[in-house]
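Colleague: Okay, here's what each chain looks like letter by letter:
Number of protein chains: 2
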Amino acid sequence: MDHPTQLPTSEVDVVIVGAGPAGLMSNLWLSTFKGLSVRIIDKRTATVYAGQADGLVGRTQEVFNSFGFEERVLKIAQPMAEFSFWEPDRNGQIFRSSRTADGPPNMSRFQGAVLHQGYIERFLKDAIKEREGPDVEYGMQPDLLQVDESMVEGDDSHPITLRIRHLSEQESAPSQFGHTIANGLFRSTNFSTSEEEDQAINTIAKAGTQEIIKCKYLLGCDGAHSWIRRQIGVNMEGDQTDFIWGVLDIHPLTDFPDIRSRCSIHSARSGSLMVVPRENELVRLYIQLEDLERNMDGRIDRSKITPEDILRAAQKIITPYTLQYDYCDWFTAYQIGQRVSTRYTKFDRVFILGDACHTHSPKAGQGMNVSLMDAYNLGWKIAQVLQHKAPRSILATYEAERRPVAQELIEFDRKWSSLFSGKLEPNDNQAEDGLLEEFKQTFEDAKLFVAGITVTYAPSVLVDKTSHQKNDHSTKVLSKTDLAKGIHLGMRIPSYRVLNQADARSWHLQDRLPSNGQWRLLIFAGSMIDLAQRERVLAFADYLLSPLSILNTYASEDIPLFDIITVHSGPRTEVELSHFPPPLRKMSEYNNVFVDDHSYLEPFGDAYKNYGVDSIRGCVVLIRPDQYVSWIGDLEDTDKLETFCRGCLRRLPSSSSL
Amino acid sequence: MDHPTQLPTSEVDVVIVGAGPAGLMSNLWLSTFKGLSVRIIDKRTATVYAGQADGLVGRTQEVFNSFGFEERVLKIAQPMAEFSFWEPDRNGQIFRSSRTADGPPNMSRFQGAVLHQGYIERFLKDAIKEREGPDVEYGMQPDLLQVDESMVEGDDSHPITLRIRHLSEQESAPSQFGHTIANGLFRSTNFSTSEEEDQAINTIAKAGTQEIIKCKYLLGCDGAHSWIRRQIGVNMEGDQTDFIWGVLDIHPLTDFPDIRSRCSIHSARSGSLMVVPRENELVRLYIQLEDLERNMDGRIDRSKITPEDILRAAQKIITPYTLQYDYCDWFTAYQIGQRVSTRYTKFDRVFILGDACHTHSPKAGQGMNVSLMDAYNLGWKIAQVLQHKAPRSILATYEAERRPVAQELIEFDRKWSSLFSGKLEPNDNQAEDGLLEEFKQTFEDAKLFVAGITVTYAPSVLVDKTSHQKNDHSTKVLSKTDLAKGIHLGMRIPSYRVLNQADARSWHLQDRLPSNGQWRLLIFAGSMIDLAQRERVLAFADYLLSPLSILNTYASEDIPLFDIITVHSGPRTEVELSHFPPPLRKMSEYNNVFVDDHSYLEPFGDAYKNYGVDSIRGCVVLIRPDQYVSWIGDLEDTDKLETFCRGCLRRLPSSSSL
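Those protein sequence lines, which keep their order, are chains E and R.
Going left to right, the first sequence walks through residues 1 to 658 as the numbering used here numbers them.
Going left to right, the second sequence walks through residues 1 to 658 as the numbering used here numbers them.
The hints are simulated quantities; they were obtained by calculation from the structure and are not laboratory data.
Be aware that a few hints might be false.
One copy or any two copies: either way a pair holds, since identical chains are not told apart in the list.
Okay, derived cross-link-like pairs now, DSS-like style, lysine-lysine, Cα gap no bigger than 30 angstroms in a straight line [as the list claims (entries may be wrong)]:
#, residue 1, residue 2
1, Lys129, Lys75
2, Lys586, Lys316
3, Lys640, Lys75
4, Lys75, Lys609
5, Lys75, Lys586
6, Lys586, Lys206
7, Lys316, Lys43
8, Lys415, Lys586
9, Lys214, Lys415
10, Lys440, Lys214
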C-alpha cells in the first residue's frame, strides 16, 4: 500500500474500531492495565447509534461486578424472574399453559435482566473514565488497512498501518427513513454526556481530513457489516431465513395478564409473539410478520414496515386480550440470519469481535452478552502480551475459545427460533403438542447455557485439562481435577460466600476477584488446626518465598502478577491471622485470608462442600485474570504449577537476573 | 429589631442554617417536594469542615435506601460484623475474652457500617442535585433573628426575619492550631467538587455584605454551639465530665489480631481503648487520656494534645502487642458532655436539629445517625404544612417524637461511656469481673436500640395508639393493633420480602416505600381465593372510590397523597391481576399488587407470618411518609381511618368543592 507521506502519522499499541459493547469492553479492559496506548474510533457521531440490545445474562453481570459497576445495573434493570407459556386451547383461544423460572436458580449471583444497551454503554464509558482510559473518537472511519507480515512476530513492532478518514456530520449520521418514531438505526434515548456532544462537534470540524495510525494490535468491533472483517478476507458461514420479524418497544395498554412477565404466545392461526418486560415499565414485543408486500424482485422492503403493521400483527396473536400503547419508544424489523465467521483473527494481530464474527436472532437475549464476553476474553491477553508478561502464543486461544461459543449459540438460536416460529394447525393437534412440548423442553435445557455460566474453554496454554479430542496429544495434563470437584478447568470459578478471617465480614468469593489483570492463586489451606496440614501450608508458603518460585520468576512492574487468596476450612475462632505466614498474609494486609464458616448476618456459603474440596487437605487453584480456571493441584505440586506457568507467562526482562 | 431598610431582602419558605448531616438531610427531604423555596447556608467555606462522624446504623441506611443512594454506601463502607472484648488476665496481660455479633441479626436489611462523614455529605448533596434542590451557600452567617409572634399561626405568612452576613475567607476558615496532621476542625479528605470550590470563591467576593431573608420556617442545624438555639433562648441540660478522650484515624502497623474487628480493650492499669475498623483500611482508635498537663486554672488545654500523645496512650493499653502507623488521617481530643436541649422549637416556626439539640460521646456511633433522623422526622412535616396538605398541629410532634430519642441516647451513652472508662484494679478482681460483665451485657441489650430500629414515637395526631401515660385522656385509640402483631404503631414498619403479582419479582417491602412524600395505605388483602374475603376487599375498594373517601377528600396537586399497596396471601398462581379492582390496581400499573409467596430466586419473606397478619382476613395499615406506622384497622374500619386522617391531613382548597 502506498499512502501519501504527508499525512499525519502516529503510533499506538492498540486501535479499536467500533464503540459498541465489544469495543467499549475492549477499551475498559485495556484501560485497566497501566501504560498501554489505545485509541478507539467510531464512524457514528456521539449522539446517534444503531442497535438496541437489552438482555443481560448472569455471567455478564458477574463481569460487570468485577469491573465495579454492577450495582448500577441492579438499580435500574428489570430482572427476569418468570417465563410463561401461552398456547391455543381446543377452541383456538390462547391460555397460559405453564410457568417456569426464567433462569437457573443458584448458578450465578445475578439473575437474567433486561436493560437498554444505551445504559450499558454509559456504564462502560464511566468505568473507562474512572480508569483514565481514552474517550471514543467519533466520526472516524478507516479506509485502508495494511499488515506487514514480516513484522507480526516482533515484540515491539507496529505491523499494522491504518488510514483513517474524518467524516462529515452527514456521513456519520444516517438519515431516518420516513418514520416519526425512532427505528432500528436510531436510539430512543440520548445517553451521551454534554462533553461527548462537544467532542462530536469538534470532530466534525476535521471532516474530510485523513491520518495514519500505526499500531501493534487492531480490534474490529465494527458490527455485522464489519469493514475490518472484509479487509482480512474472513467470511461468514451460515444462512439467512426468509422470515421477517418486527420489534416494538412500547408502554403498553392491555388486559393481557402476563405483560410484565417474559412469555411466549403461540396463537392458533396468527403466528407467535414474545413479550419481554423492560426497565421503566416498557415492554418489548417480538412478532413474526407475515403477508408482507414484496418488491418486483421478490424481496421484502423492510423500510416500508411501520409500527402500526407490527402492532396489528401482535393484536391478532394476543386476541381476545386487547393491546394498544400510549408510547412507542423504538421499533425495527429484521431478518433472521445465523452466521459465524470462519476465522476470528489474522496473524493474531488483527482480531474481530462481537457482531463482526457472529449474527443471530435477538430472541434469546444473547447478542450483547456474547459480544461483551468476546472482548472480555481477548482484552487481558493482549494487555499482558503488550506488557511482556505473556508470550504471543496465548493470543491463539481467543479464536479457539470464543468461536465454539458462537457456534453453540447459533445452534441453539436456530432451534429456538424455529420452534418459536413453528406453525400450529388446529386440525393437527398431535404435531401441535409435540412442537410446544419441545419448545418448553428446549427452554428448560438451555437455561444454564443461556445464563452464560457453562461456557467451557478447551485445553490450551491457558487451560490445563484432559482433552476431549482423541487425537490431541499436545496437551500434557498437569492438574488433579479430583481435588476440587465443584471447580471445572476452563470454566469460570463459581462464587460462594466465605468470611474474612480478620473482621468476620461475609464475602462472595467473586468479589475478591476484580478484573484488574491479576492471576489468582487460590489456596484452599484446609484445616489449620490439623498440625500436619499446617506444615503442608507452611511448606507451600516457603516455596512461594523461594527465589525460583512463580512469584519471583514472573514479577510485574505495576501490581503483583499473582494475587494470593487463602481460604481455610475453619473454625474461624480457633485460628488466628498469625497462623498464616508471608506471602499468604503480610503485615497490615487484612483481605487475603478467608474461612469457610458461618456468618453473623449472611447465609453460610458452605464453600468447601460446594467447591468439592477436602476440608483437611485442601488444594491450590490457579485462576486467570478473567476468572476462568487454569490449573488445580496439591500443595506439593509446585513443579507442575511451574510447568503450567512456563507455557503462558513470560519473565520480565528486569526480573531475568533472578 | 430594626434593620436598615436598604439591605437586599428576599422571601423563601425555609432557611436551613448549617450544612452538616442534619442540614443536608433537611434539604434533601424538602427538595423531594415540588414547589418549595429553600435556602441552605453555612458559615464555613466549601472545602473546610468540622466534625468527622462515621457510624451508620441499620435504620439510617434504610432511610438512605428510601432516597435511592444506599448502594453507594454498601459499595465503600466497612460493615461491622463482630465485636471482640479484650480484658486483662490474672497476670494483667490482655486477652480476647469473648466475641459477639456487632448488631442484631435480621432486624434491619442493613448492618451497622462505618464510613467517613464526608462521603455521606457527598451522597446527600448528589441526591439533592438529582432532585434539583438548592446548593449550599457557604461563607454566610446569620447575625440577627426576629420572629413576629403575631404571625406564627398564619398560613402563608413569613414571620421570621433573618439578617445574614457574608464572611471573608479568614472568617469562614478556622486556622489550624499548630499541627501538621488535620485535627478536629479539619477534614482529611476533600470531598467537594470543583463546582463547589468555584462557588466558594464567588461567595468570598461578597465578603462583608449583608442581606435580609424572610421565611416561614427556620431550621437550626448549626451544631453543638448553635447560634439559632441561643437566639430562641433554649438551654442544654446535662453535664460535662472531666475525662479527655483522644481519637486517632490511622493506617495501623500492628500484630494485634483484632485490629479489623470492632473491639474494646480494657487494660489492667492503662485505661481503655476502642478499635473501630473503617473504610479504605483505616482504623479509628478512641482512647481515654490520662496524666494530662493542666493550665493554671486547672483546665486541660486540648490544643496541646498531639497524635503522638494519643498513640503513646494506645500503645500502653495494647501491650504486649505493638502498634505503630504509617499514615495518620486525622485526630482530635474531646471531653464527654451528655446534654439535651430543653426545647426543640420556638412557636413551631424555628426548629433546632442534630448537634444543636443533643451532644454525647461518639463511642456508640450514634451522633450522625440521630441528627439525620431528626431531619428525616421533621422535613416531610414542614413540607406538607407548606403545601397545605397538613395542619400546623403536626409540627408539635417533632419535639414530642425526637426529644425522647435524644434522652434515651444520652442515658445509654452515660452508662456505656462510664463502663467503658471504668477502672480495673488488679487487686480488686471481684469488681473487675462485675464491671466487664455489665459492659458486655449493656452491649448485648443495646444492640436493637443502637441499630435505630426500636425508636417508638408516642401517641399524637400522627400515631394512633394507646397512651402509656396514665393521665393522657386526649388520645382516642382508633386502631386494632391485634390485627398485625408484627407491626407496631409509632415504629417504622419492618421489611420482609414479597413478590410482585405481575412479574414474580421479589421485593423487600421497604423498597416500595421510597421517601417521596406519599402516605401509604398498605392493604393486606388476605386470601383472594376465599370468596367472602374477596367481597370484603371489593367493598374496601368501593369505599376508596366513593366521593367522600380519604383518597378523594385529601387530594394532592402533584403526586397522589396516598400510595396504595396491596399484599395478598396467595398463592400467586391462583390469583390474577384482574381480581384487583381500581384503585387497588389501575390499568397499566404493575407495581401495586404483591403476594406473600415463594420466589424463584430470593428467600421466602413469609410476610403474613412475620407481620402477624391473618392470612384470610388481612387488615389495613396506614404508614407515614417516613415509614412510621400511624394506624391499623379492619377493611371495614373506614370511619376510624377517616377520623384518624382528619387529625393530621387537610383538604386542599381546590378539593373543598367535593
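Colleague: Next step is simple, just say for each hint if it's right about the structure.
Modeller: Hints, verified against the model:
1. Lys129 - Lys75: For lysine 129 and lysine 75, both the intra-copy (21 angstroms) and inter-copy (19 angstroms) Cα distances are at most 30 angstroms.
2. Lys586 - Lys316: Between copies, since 24 angstroms is at most 30 angstroms while 68 angstroms is not.
3. Lys640 - Lys75: Neither, since 45 angstroms and 38 angstroms both go past 30 angstroms.
4. Lys75 - Lys609: So lysine 75 and lysine 609 pass the 30 angstroms test across copies only (28 angstroms; inside, 32 angstroms).
5. Lys75 - Lys586: between (37 angstroms within a copy, 25 angstroms between copies)
6. Lys586 - Lys206: neither (54 angstroms within a copy, 54 angstroms between copies)
7. Lys316 - Lys43: neither (40 angstroms within a copy, 67 angstroms between copies)
8. Lys415 - Lys586: So lysine 415 and lysine 586 fail the 30 angstroms test inside a copy (54 angstroms) and across (39 angstroms) alike.
9. Lys214 - Lys415: Classified as neither: same-chain Cα gap 44 angstroms, cross-chain 72 angstroms, threshold 30 angstroms.
10. Lys440 - Lys214: Cα proximity of lysine 440 and lysine 214: none, with 52 angstroms in one copy and 69 angstroms across.
Violated hints, in rising order: 3, 6, 7, 8, 9 and 10; the structure is consistent with all others.
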